[in-house]
Amino acid sequence: MELIRQKISLLILIIISGFVMIYKLGVIPNGLYIDEINYGYNAYSLLTTGKDEYGMAYPLLLRAQGLYLPSVYAYISIIPIKILGLNDFTVRLTASLSGILLVIFYYICLRDYLKIKNKFNLFVISLFFCITPWMVLMSRFGVELMTGLLLWSIGSYYFWKGFKSEKYLIWGAIILSISTYVSYSNRYLVLIYIIAAFVVHRKIIWKALLIFLIIQIPNLLIINTKGFFAKGDLIGIDIILDQSSKIPNFIPLILRVFMAFVREIFSRYVTYYSPSSLFFEPDPDLQRSLPELSVFYPWMIAPYLIGLYVLWKKRKMDIYKYIIVLFFISGIAAGLTRDPFSTHRALPLLFPMGIVIGMGINQVLENLKRNYKYAFICIILIYSGLMLWRSYFVFLPKERAKFWGGGYKELALEIKKRDSLFVIDQSRVKPSYIYLVYYLKYQPEKFQTEVNQTVVHDYYNNTEFSDYYNFRNIETRNIEWSRDPCLKQILVGDVYAISPEQAIEHKLDFEFEIKDPIGNILFRAYQTNPELKCTENKI
Amino acid sequence: MKWLVFNLILFGNLWIWKIFEISFVVFLLCVAGSVFLKKYVDGNSKNSFVFIMITGLLVGQIKIEGINTYKISIEEKIVQERRLGEYPIKYLRLGYWMEGRTESVMFYKLMDNLGEAVDLNYYFFTNHPRERAAIREFERFPYVYLPFFIYGLILCVDKKRINSLAILIGMLGILTLTGIGKDLGPVVIFPVIIFFIYEGLWSLLDKKFHY
Numbered sequence: 168m169e170l171i172r173q174k175i176s177l178l179i180l181i182i183i184s185g186f187v188m189i190y191k192l193g194v195i196p197n198g199l200y201i202d203e204i205n206y207g208y209n210a211y212s213l214l215t216t217g218k219d220e221y222g223m224a225y226p227l228l229l230r231a232q233g234l235y236l237p238s239v240y241a242y243i244s245i246i247p248i249k250i251l252g253l254n255d256f257t258v259r260l261t262a263s264l265s266g267i268l269l270v271i272f273y274y275i276c277l278r279d280y281l282k283i284k285n286k287f288n289l290f291v292i293s294l295f296f297c298i299t300p301w302m303v304l305m306s307r308f309g310v311e312l313m314t315g316l317l318l319w320s321i322g323s324y325y326f327w328k329g330f331k332s333e334k335y336l337i338w339g340a341i342i343l344s345i346s347t348y349v350s351y352s353n354r355y356l357v358l359i360y361i362i363a364a365f366v367v368h369r370k371i372i373w374k375a376l377l378i379f380l381i382i383q384i385p386n387l388l389i390i391n392t393k394g395f396f397a398k399g400d401l402i403g404i405d406i407i408l409d410q411s412s413k414i415p416n417f418i419p420l421i422l423r424v425f426m427a428f429v430r431e432i433f434s435r436y437v438t439y440y441s442p443s444s445l446f447f448e449p450d451p452d453l454q455r456s457l458p459e460l461s462v463f464y465p466w467m468i469a470p471y472l473i474g475l476y477v478l479w480k481k482r483k484m485d486i487y488k489y490i491i492v493l494f495f496i497s498g499i500a501a502g503l504t505r506d507p508f509s510t511h512r513a514l515p516l517l518f519p520m521g522i523v524i525g526m527g528i529n530q531v532l533e534n535l536k537r538n539y540k541y542a543f544i545c546i547i548l549i550y551s552g553l554m555l556w557r558s559y560f561v562f563l564p565k566e567r568a569k570f571w572g573g574g575y576k577e578l579a580l581e582i583k584k585r586d587s588l589f590v591i592d593q594s595r596v597k598p599s600y601i602y603l604v605y606y607l608k609y610q611p612e613k614f615q616t617e618v619n620q621t622v623v624h625d626y627y628n629n630t631e632f633s634d635y636y637n638f639r640n641i642e643t644r645n646i647e648w649s650r651d652p653c654l655k656q657i658l659v660g661d662v663y664a665i666s667p668e669q670a671i672e673h674k675l676d677f678e679f680e681i682k683d684p685i686g687n688i689l690f691r692a693y694q695t696n697p698e699l700k701c702t703e704n705k706i
Numbered sequence: 789m790k791w792l793v794f795n796l797i798l799f800g801n802l803w804i805w806k807i808f809e810i811s812f813v814v815f816l817l818c819v820a821g822s823v824f825l826k827k828y829v830d831g832n833s834k835n836s837f838v839f840i841m842i843t844g845l846l847v848g849q850i851k852i853e854g855i856n857t858y859k860i861s862i863e864e865k866i867v868q869e870r871r872l873g874e875y876p877i878k879y880l881r882l883g884y885w886m887e888g889r890t891e892s893v894m895f896y897k898l899m900d901n902l903g904e905a906v907d908l909n910y911y912f913f914t915n916h917p918r919e920r921a922a923i924r925e926f927e928r929f930p931y932v933y934l935p936f937f938i939y940g941l942i943l944c945v946d947k948k949r950i951n952s953l954a955i956l957i958g959m960l961g962i963l964t965l966t967g968i969g970k971d972l973g974p975v976v977i978f979p980v981i982i983f984f985i986y987e988g989l990w991s992l993l994d995k996k997f998h999y
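As given, the protein sequences belong to chains A and B, one line each in that order. Here the first sequence is numbered in my numbering, starting from 168 and rising by one per residue. Here the second sequence is numbered in my numbering, starting from 789 and rising by one per residue.
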């Protein structure tokens with residue numbers, strides 16, 4: 168009977184997670200972000216040709232725009248794209264399914280590892296985890312992050328358990344090693360975690376280390392390439408040097424830089440654990456956050472603090488040592504970057520923080536009388552549901568559309584309607600070419616012949632990226648006012664690219680305009696009139 | 789030795805001197821408030837002294853910083869109206885309750901105030917890396933005090949020092965209602981932070997050197 172009840176509650180959890188993660192997945196957020204497009208189009212390219220957009224066969228990293236993204240997400244995405252075709256839904260589906268699996272794993276971890284006995288509490292805690300803003304935002308974001316988090320969580324859990332039972336250790340080592348191919352930050356976190364696990368247990372298990380290293384061979388083969396450390400400039404050395412200049416000059420320079428470095432890293436690291444960042448203030452980057460909602464709900468500050476205290480009290484128990492190690496290590500990768508709070512890079516924190524908050528919620532529920540408990544759960548659930556609905560399903564699709572690549576789908580439709588040549592201005596926008604090849608479903612085998620052919624020859628070192636592309640009837644580059652008005656074409660740019668005065672001066676005819684849901688102009692297009700403009704010049 | 793350590797913490801931070809620069813009266817209230825709070829938690833002082841100091845600090849803070857929580861600016865009004873229009877028509881009534889009512893707007897502002905009041909980086913890292921625009925931030929407490937502050941908090945929970953925790957929660961509640969201000973900052977919480985830093989540091993020193 169108990170087993171049936173557990174299975175039913177798990178099933179209900181899966182259904183609710185499925186709904187939250189998949190409902191209107193192709194539509195909300197409104198548009199695909201460039202990283203999603205990179206994965207989507209490259210997955211499509213790998214599916215149809217076995218090569219990425221540049222013609223590189225089965226790359227370990229996707230060069231994209233010099234980003235060198237871990238490629239595993241693209242390979243996994245081939246499956247939904249093959250079955251359901253290339254569209255916004257299938258690009259995001261792998262992340263959603265990873266989110267659902269993570270909720271299930273979270274449930275199992277709380278039940279089997281932390282031994283939360285009250286099954287109703289377990290269900291409620293897992294439900295709150297499933298509707299956490301961070302969880303919903305990242306599960307509906309078609310990039311490698313949620314899949315990386317899933318493997319990081321499962322791998323770290325089994326690896327830790329493996330110190331008592333070898334069968335878990337092998338699986339833990341395998342999953343952790345694979346996770347480094349899925350997410351960039353996992354490369355660093357996994358190493359730090361393994362070292363910490365060995366230190367805490369005061370032993371090194373060579374078999375696990377060997378298996379881990381064998382799976383790392385492909386990474387080791389490209390470790391000395393520029394592409395492997397493509398994101399190395401995120402630390403912000405310039406900020407540290409600037410901070411060091413504020414320290415009195417009588418202190419030697421090397422010491423000043425060291426002091427500034429320590430303070431800078433410490434401040435960034437602390438911000439990922441500060442209640443303000445976690446429960447109240449969203450990520451300042453508007454693409455990576457929800458309007459008016461941080462990564463956790465404001466009410467979760469109480470169980471967070473309670474959970475931390477429980478962790479402190481039980482810190483000598485092995486189970487809790489795992490959570491403590493995971494909790495403090497997961498913030499390192501994000502703490503090393505220059506962002507005030509990066510929802511993406513701090514994602515490894517979601518699992519241990521979810522466990523800490525879950526422990527706090529459990530503590531509260533265990534001490535509440537039955538009637539108060541149900542009332543408390545209902546009120547909190549309704550409040551959280553309303554806040555999530557308000558921020559994610561009402562505000563986000565409208566207010567943040569332009570940050571989610573809004574406008575490109577409509578632009579592709581306009582391009583399809585016309586045979587004219589198009590020049591897409593690149594002054595202030597992210598590289599447009601990848602959006603257009605995706606929405607136009609441009610044939611990868613054709614596109615591979617039109618890109619810079621030298622890229623493939625030294626693929627992992629060719630980090631220089633030019634946003635000039637010429638394919639189909641499209642050129643992506645900055646508008647050249649000395650030349651472009653004299654060619655018959657349509658110039659497209661954002662609201663600052665072509666001012667009304669320039670349109671009059673260069674005899675341009677307004678062609679179309681694309682706006683976001685709240686009326687901001689995303690693109691404006693003008694037809695040139697060389698016969699008017701250049702004839703006048705000749706006279 | 790205890791009082792030496794306490795005074796080092798009390799006067800060894802930029803915030804108290806910034807307060808001294810702005811208002812001598814508030815400076816005296818901060819110093820007295822910190823001393824009486826420590827004595828009160830140790831059981832050597834009446835709680836009335838503490839509450840008089842805290843009330844004085846609150847009055848000082850409100851006088852100098854003012855309270856912005858209960859005013860809706862023109863920009864906020866524009867955002868409010870735009871957001872009302874973002875709700876689907878069938879949920880417009882719900883949207884009105886969530887965006888249009890003054891109580892809802894106040895609730896969100898109170899949440900914002902609470903978020904600012906519990907920001908560790910605000911107190912220990914010059915609000916870095918989320919510095920506020922057009923405000924000259926400064927490091928209220930040296931960041932090396934942060935571990936002692938956290939340890940002090942844990943100790944008070946361990947030792948079930950309900951009075952100190954109740955005062956902390958009370959001060960956060962007050963700051964939720966008033967906001968943290970710009971120049972002076974949330975001085976009403978100053979004695980509480982000093983107390984917890986002292987508790988954390990003194991406990992470690994005592995363990996190590998057995999004073």
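Possibly wrong hints are sitting among the right ones.
Now the stretches of chain B that chain A is said to cover, found in silico as 3 or more residues with beta-carbon under 8 Å [claimed, not checked]:
| id | region |
| --- | --- |
| 1 | 904-910 |
| 2 | 916-922 |
Just a few of them, taken from the derived set where beta-carbon distance is under 10 Å, the chain B residues facing chain A [unchecked claim]:
| id | residue |
| --- | --- |
| 3 | PHE812 |
| 4 | GLU887 |
| 5 | GLY888 |
| 6 | ASP900 |
If you're looking for bench data, these hints aren't it; they were derived computationally from the structure. The beta-carbon is built from N, C-alpha and C at its ideal position, and this holds for glycine as well.
To see whether the hints hold, each was checked on the structure:
Counting residues of the region 904-910 of chain B whose CB lies closer than 8 Å to any CB of chain A gives 6, so the stated coverage by that chain holds, three being the minimum. For a cut-off of 8 Å, the count of residues in the region 916-922 of chain B with a CB near a CB of chain A stands at 3, and the three-residue condition holds. Taking 10 Å as the C-beta cut-off, the interface hint given for PHE812(B) is violated, the closest approach to chain A being about 28 Å. Using the Cβ-Cβ criterion of 10 Å, the hint placing GLU887(B) at the interface with chain A is satisfied: the shortest such distance is roughly 8 Å.
The criterion of a C-beta within 10 Å of any C-beta in chain A is not met by GLY888(B), whose closest approach is roughly 13 Å, and the hint is violated. Of the supplied interface hints, the one on ASP900(B) holds, with its beta-carbon coming within about 7 Å of a beta-carbon of chain A, less than 10 Å.
Hints 3 and 5 from the list above are not met by this structure, while the remaining hints are.
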